[in-house]
Every structure is written in structure tokens, then in C-alpha cells.
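Number of protein chains: 2
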Amino acid sequence: MRKLRISTFLGLVGSISGLDILYSENDGSPYCANFSTFTTELDHFSFDDRKIDIRVITDDRFYKPGGPVLFYTGNEGAIELFCENTGFQREAGEELNAKLIFMEHRYYGKSIPDNNNTFLTAEQALADYADYLDQLKRNTDVGPVIALGGSYGGMLAAYIRLKYPNIIAGSIAASAPVKFFPGQFDCRGFYRVTTRTFANTPAGEVCADNIRDSWAVIKQIGSHMVGKKLLSDTFKTCKVITDTAQLTDFLQEVWGSLAMMDYPYPTNFMGDVPGWPVNKACEHLDKKYGQMDLLDAVHQAAQVYYNYTGGMDCLDLGGGGDAPDLGYDAWYYQTCTEFVMPFCADGKQDMFLPSEFNFDDYKQNCINTFGTYPRKDWPEVYFNVEAMKQIGNIIFSNGHLDPWSSGGVLNQSEAGDRNPIFIIDQGAHHLDLRSSNPLDPDQVKEVRKQYLSIIRQWIADANQSDTSDRQL
Amino acid sequence: MRKLRISTFLGLVGSISGLDILYSENDGSPYCANFSTFTTELDHFSFDDRKIDIRVITDDRFYKPGGPVLFYTGNEGAIELFCENTGFQREAGEELNAKLIFMEHRYYGKSIPDNNNTFLTAEQALADYADYLDQLKRNTDVGPVIALGGSYGGMLAAYIRLKYPNIIAGSIAASAPVKFFPGQFDCRGFYRVTTRTFANTPAGEVCADNIRDSWAVIKQIGSHMVGKKLLSDTFKTCKVITDTAQLTDFLQEVWGSLAMMDYPYPTNFMGDVPGWPVNKACEHLDKKYGQMDLLDAVHQAAQVYYNYTGGMDCLDLGGGGDAPDLGYDAWYYQTCTEFVMPFCADGKQDMFLPSEFNFDDYKQNCINTFGTYPRKDWPEVYFNVEAMKQIGNIIFSNGHLDPWSSGGVLNQSEAGDRNPIFIIDQGAHHLDLRSSNPLDPDQVKEVRKQYLSIIRQWIADANQSDTSDRQL
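Chains X and G, in that order, are what the protein sequence lines are.
Using our numbering, read the first sequence as starting at 1 and increasing by one per residue.
Using our numbering, read the second sequence as starting at 1 and increasing by one per residue.
If you are wondering where the hints come from, they were derived from the structure by calculation, not from laboratory data.
Any given hint could be a false lead.
It does not matter which identical chain is used: a pair holds within one copy or between any two.
No farther apart than 20 Å at their CA atoms in a straight line, the calculated lysine to any residue pairs in the SDA-like style are these [what the hints assert, rightly or not]:
1. K51 <-> K376
2. K376 <-> Y132
3. K229 <-> A78
4. K229 <-> D243
5. K51 <-> R375
6. K219 <-> T237
7. K363 <-> G227
8. K179 <-> S465
9. K51 <-> T118
10. K376 <-> E386
11. K51 <-> D377
12. K219 <-> G392
13. K64 <-> A462
14. K236 <-> D272
15. K363 <-> D48
16. K445 <-> I423
From a predicted model like this one, the values you see are computed outputs, not experimental measurements.
One chain only, chain X, in its complex shape (with noise of 0.2 Å):
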């Protein structure tokens, strides 16, 4: 399992799995408790009276009648950290007078229908959300609806655009992926990506450098016994370390999400990381060490990511790199049905330990794990980054410091003339969703500004267009 592993981040996000790593805000808490339940097909596309519940917040403070909704479109895991890390809704709901909707996507949080994932499908998903906008928009008086999300639920901004553009007036996909699929994307992008990001903080090239030399280190001295519990005392790990595997992919996914959180103040998830934190590990690591030196620089700028106020007694790897406990995890899952996304590396443009991909192995992975056949090519088939382009009104956010930007729509004409794109200097994964912040960048405060003013015509647009067709 260990290449599908890295994709899931399974072994530091918990009980939140995928792309995703959440970090609460201070403001969102109280908002995000007003609980619904909506009651819909468990598959959408037979025509059985199975149900399923799907949890809902709606938070109706700055709503006026007929104003617009701002939709967000749940991804994998539970709907209220995506409620409470979206601050950017609720800023942009009260100058819009918007009812703010965050749907629950299926099989996550609390909207879990059986233990099996045998209706999660982002298709399910699309429709439960289409199904519960349909019915709001014909039992109340609710304006243009505009979705939003962020990285998987930025994907499903768009591809509800994409597919239900007559309930969607316009989206914006934060920090999507949407090109990170076999044959859209150089599966070296992520790690690529991570890399510039160690190698621009103040600390310089070195910093990745020592990365790159660090897994030659761990292997060398892990190749003996006397080694191995020489590693796991420099990296105070619960166990004794059986195999370096456990700790190189561990560090690995430490350094993917220490650039997927390069936010510029502090964040509150494994206990409390700074801001800044890729320039605080690379702090640690800001010049050349012998083996012995560079394994504790290492260790030290790891911490930054998972023990920065040093309350951890000792650092639990799990099971290492095929923990049999992952296998039925629901974003696991769906790596394992339609949404491939391939990693690899080189170790040359970027500091990791070079690994290629093969889907064959990946496809056989899925196999003994799940049953299931994954379809590399469905997402280019279904949702298509070049039908986006004729369908319009997506915005496609990316942050230069956040890895996952490499499978993003990052250049106007991929986008089309139609869909507007930002490219955030100084941001990390959807950094532009979250709650206004002092230390913001001012491209960020700049580029929100602009969402609002986009967001605004979309809504004039749509109510246009909606009255035109009453005066028929």
C-alpha cells in the first residue's frame, strides 16, 4: 500500500482522511453546530426507495430573502472542520446577505449509510447536493446559488458546475487538484512542488538539500539492528523501528503537509504549529551537518509539523507503511475507484526518495484491498478539465507554496476565457477560504476582494437571466 499511502495522509490526519488537513479557526466554532438533517436517494441513479441521511449547516444570520446561497460542497470528512476552517463563507455571506449552506459529503462524518462505500461515488455526492439545491431553490425563494470548496471539495465546486450548471451559478475550487490523474499531470509534480517550497524559505537551497541527503543517512545507518535503535532514540518513536520505511514515509508525508500548511500564523491541529512553519523546520536544517547531526536537524524541523510545543512523550509510526487498519478508509476508497492520483518521484528536481508509479501495482493493490477496479482515465472522461473551459464561471484558486497546486489549473488558457484563475504567491493549500487574518499576504486580502466582486456579477448574471426567462 505504501504508494497509495502518501495520497491519503492517512498516518497524521486520523479520523480525517484525504486531502485535507484541518486546521480549526478561532471564529468558525459557533456557527457550525446548527445541524440539519437532509434525506435523500442512497443511489441516485437506480430508482429504489433507499434512503440515506446526509447532515447539513445552515447558518441564515446574514440572510435576506431572495439573496444568493454560498454553497459549500463537503469533501472527505466530517462537514463541521470544513465549517469551521471556511471562515472566507461567512465573510463573503455577510456582505452578500447569502444563506450559507456546508453540505456533509456521503460515507464521511456522520452521514455514513453502511460500512461498505457501496454508493461513495463523487457522483453520488454531486447529485445529493444537486437533489438538496433543487428542492431548496423550489420550496423557498433563494437566489443564484454559488459553490465552494476547497481541495477534494474545491474539485466538487467545479465538477458541480460542470454538471449541474443550470442549479450552479458559478464556483470556486480552491486548491483543486483537478489534473491530478494519469495522463494530465507529471506525477512528480507534488513532491516537485513541496521541494521549491523547502528550498525558498530564508534558510535556502540547503534546507531541501539536507532532505535529499537524509534518506541515504536513515537507510545506511537503519541497515542493522544497532541502527535501527539508534534511529528510533534520535526520533523518540514509540516502537522500536522494524523496517526504515516507517520513518522515511512518515517524514515524507511531514514534509508534504509542512508546505501544504505553510500558513503565515499559527495553526491548531497535532497540538499547535507556528506560522510559517516550512521556514521554522527549515530553521533546523539551514546548513551542512555530518550523518549523526543531520538526523537530529531532521528530527528537529519534523517536530515543527507534529510536536512543536514538545508535549508528545514518544512518536508513534502505527503500523508502518501497509497498516492493515487504512484498508477500509473512505478516501482510500475512492484512490481506489475513480479519482487515481499518481505520485512518484525523482530525487534530483525534488529532495524525496525517487519511487516511480505503476498503476498496475496500484491497480492491484485496490483489488486484494477492495474489490475494486480503479479507472485511471474516468476523471478526463467525466470531469473533464477542457469542458470546464466551455461551461465557465469556475474559479480555480492555487497557492505556490501547496504541493497539491502542481495538479491544478494553474494558467489562463488551460482555463478557458471563461474561468478566472488566481495564483496566490504566498499561499499554501485554499489559504484564500480561510478567515481574514492580520498576517495575511496582500495578495491574499487582494484576491478575496476580487471573489466577491466576481461572485457579485455571477449572482447579477444569473437573476438576469432568471427574469428574462419570466418575461417569456
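Chain X is already provided as a structure; the job is to place chain G on it using the hints.
For chain G alone, coordinates are given in the frame of chain X:
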């Protein structure tokens, strides 16, 4: 089942069910025998390894490398029948040096994986077509793909452009009742247009008046045993009529079918049908009659459809309105799942027996027959006409004589400025897709020329867009 039955025309069309009544053209057959089999996912929306074999007809006589594809989105019947009756596709193919493809709809013809309609939906059929075309595009040098189809096939042509604009550059949706759903049109539409077609023949409005008057006569005479025998003798039924609904259901289907097939030249289906058959039928109904003479006249008029050359020994009305053998027909199943098509009549602005559309009854019938729960709002959510406006490049054509036009897109404001519309004054059900015929009205000749010109533009635009993509 009576209320459902009229929507399927099953009583008349035998093994060809659904919206379409097909008449073989003379030119087509030799080119409609080049079958191959495409193997694809039985369920495109789960990820197991079950497969389905779909029949495909290809015709490469006119194709030159890099040329476009004209792709017929097969509808509810054996694919060779659609191939044989879509001569326009061959004529256009010759002009465009196109590859011609006709793909069978799953669960029809010989593409039937099981007897339970388990994976029979339009979404699955569209995914069959998309998968085939995606592989064709990956593995060969074909140019842009234009989809076309008539009736339900026309709906599918519109839908595939809507859902897979990355694969389909444009579509001709001929006589496609894309709005023939609850809440989207007046359920009296089908019978009103039929009535208009009958009232506008040289015989004058008396033709429709006679038909309207006939129902009371049939009911009155059929109210006793002797009268039922008399009706049976008059209409030369094989068995004595036990319920006048057997006869009135049949006649209502005949009138609707005659209007659908009101072509300017003879066609051949159940025996020979003359050119302009509604005119011919109305010649028998061109003056006021007494009761018995009216029944005779109605009998003569109806025979224009099913016994024009007089070879039929007796009229088989089958098991009547509730014939149980209709239960597992595939199209009937589709009307009991995602395509709820409402019919009703007021007997005033139309010449039919007054009837209401009651969704609760309709639904209960579906539950009883198939165990399915039809979703009346689903097409508006998933196959939405407003969404087609946004995507563009869909030709909506309708025949003014054709009852199905009542559920079509008939004006430019409904179609939007990116979708051309055509109304063919003397056109019956997708006349425009048939082979050229010396008796064709000038308008349909002109319309076909315009289709070619529009398709050329779509192809040029798509090639242009491909070239820009490659230049990135």
C-alpha cells in the same frame, strides 16, 4: 396501466418500443450490417469488473484520416433500425468525409446483459457512448465528434453534449422532447398537436371534430353486449371487444402515430402507409356523419395506418389496455424510473377522450409493475434545458406536424443564443434525419443544408481549439 400506455405506443410497434416508430428507408440497409461489439462497464458508476457488450455499426466508406465522426446515439430499439432510418447521417458523412457510427442503447436490440433492467438508465447509456468515443479518440486519428439522434435518440444527443462536452463538439437533437416532463410543459401538448395536424388537412376541421365525436358514439354503442358485437364487426376485430377502452385506447394511439409519421412519401412499417397519411385518413372524415356511418368512417381512416393495402384479416387489439405482457418492456421501465412523460387531454382543445395526469397513480403503477419509484423532477435536475443553453452547440429541430414537438425546444429564447432551433412546417417525427427524397418539402432540404453548414463550423471551432491546446 392505461395512462402509461399511450406514452409507449407499445400496442402498435411490437418489438420496437418507445417513442419511435420506424420505417425502413430503401437506401440504408446494406450499410447497416457492419457490426462490431464494444465491451464496457456494466455499471459505470461502481468499480467492479462486470462488463456489458454493446453493438456498434460503423461505416467508413467516406472517412478520411482526421475527419470528423458522426455518432448516432442509439435509442429504444435495435440499432440497425435507426441506422436504416437516418439517411441524413450518410449523406452528411459523404460531404464531411466522416466516420459514421451507430451505437446501440443498452438493454435494447442485442445489447441486453440481463432481463431485469438492472443497469438501464440514460446515464449508463451515455457513459457507454462516452467510453467508446474516448477510446476511439485515444487510439485513432479521428477529428471532432458530432452526435445526432431522433426522438429519445435526440434527447440523448443533447444530453451527451451537455454531460460530455469534452467528447462531443455539437449535437443534432431531432424531434427530441427534452421538456416532456412534469412541470416543464402542458401535459395536453401531445394531443393538442395531434389534433392540430388532423384539423389542418385539406378536409378541414371536420376531420378532428369527427374523431372527437366518435368517442361518445363508441361509448354509447359499446354500453351493451349487442353494441360491443357491432363495434367488433365494424372494426373487424379478431376477438369480440369486451371493454370499449380496448378500442378507444387503440384508436388514440393510431391518431397519434399517424401524426408522428405524417411524411410526404410512402413509408413501410405494418404494411404500407401512404404519403401524407393524415390527409389520407381525413379524406374519410371530411363531412358530418350519422352514428354508424361515423364508425365506418373512423374505421376507414384508422386503417390508413395499419391496413392501407387491405391485407389484414382481422384487427388484433391484444389484451386491451392492461395487457400484462407489456410489463417488462425496457422503455416502459424507463418511463417508470427517470423519464416520467405526462399525457392528458381535455377533449375541447383536442379531439381526444378527456383524461388527467395523476402522478400518484402513475407512481403506484410503477411500483406495482417494476418495484421502481419514478422521479418526476429528475430530468429537470439532471438533463436540464437551461443548462443546455449554457453549454451550446445543440441543434433543436422539431416538426410542426409531430405531436412530440409539444415537448421540444421551440423558440430561441428557450434554446439560448448558442443553440440553433428549427421548426419544420411540414415535418413529422424527425423527418430531417431521413434520407433525401424527391417529395421532401423545400424547407427540410434547406434545413439539412443548414445543418451541414453548422456542423462544419463546429468542426472548425473544435479543430481550432485542439490546435491552441497543443501549442501550449
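Hint by hint, here is what the structure shows:
| no. | hint | in the structure |
| --- | --- | --- |
| 1 | K51 <-> K376 | between (30 Å within a copy, 17 Å between copies) |
| 2 | K376 <-> Y132 | between (30 Å within a copy, 15 Å between copies) |
| 3 | K229 <-> A78 | neither (38 Å within a copy, 71 Å between copies) |
| 4 | K229 <-> D243 | within (11 Å within a copy, 92 Å between copies) |
| 5 | K51 <-> R375 | between (27 Å within a copy, 14 Å between copies) |
| 6 | K219 <-> T237 | within (17 Å within a copy, 90 Å between copies) |
| 7 | K363 <-> G227 | neither (35 Å within a copy, 71 Å between copies) |
| 8 | K179 <-> S465 | between (31 Å within a copy, 19 Å between copies) |
| 9 | K51 <-> T118 | both (13 Å within a copy, 18 Å between copies) |
| 10 | K376 <-> E386 | within (17 Å within a copy, 32 Å between copies) |
| 11 | K51 <-> D377 | between (30 Å within a copy, 17 Å between copies) |
| 12 | K219 <-> G392 | neither (49 Å within a copy, 58 Å between copies) |
| 13 | K64 <-> A462 | within (17 Å within a copy, 43 Å between copies) |
| 14 | K236 <-> D272 | within (19 Å within a copy, 90 Å between copies) |
| 15 | K363 <-> D48 | between (31 Å within a copy, 12 Å between copies) |
| 16 | K445 <-> I423 | within (13 Å within a copy, 52 Å between copies) |
When held up to the earlier numbered hints, the structure conflicts with 3, 7 and 12 and fits the remainder.
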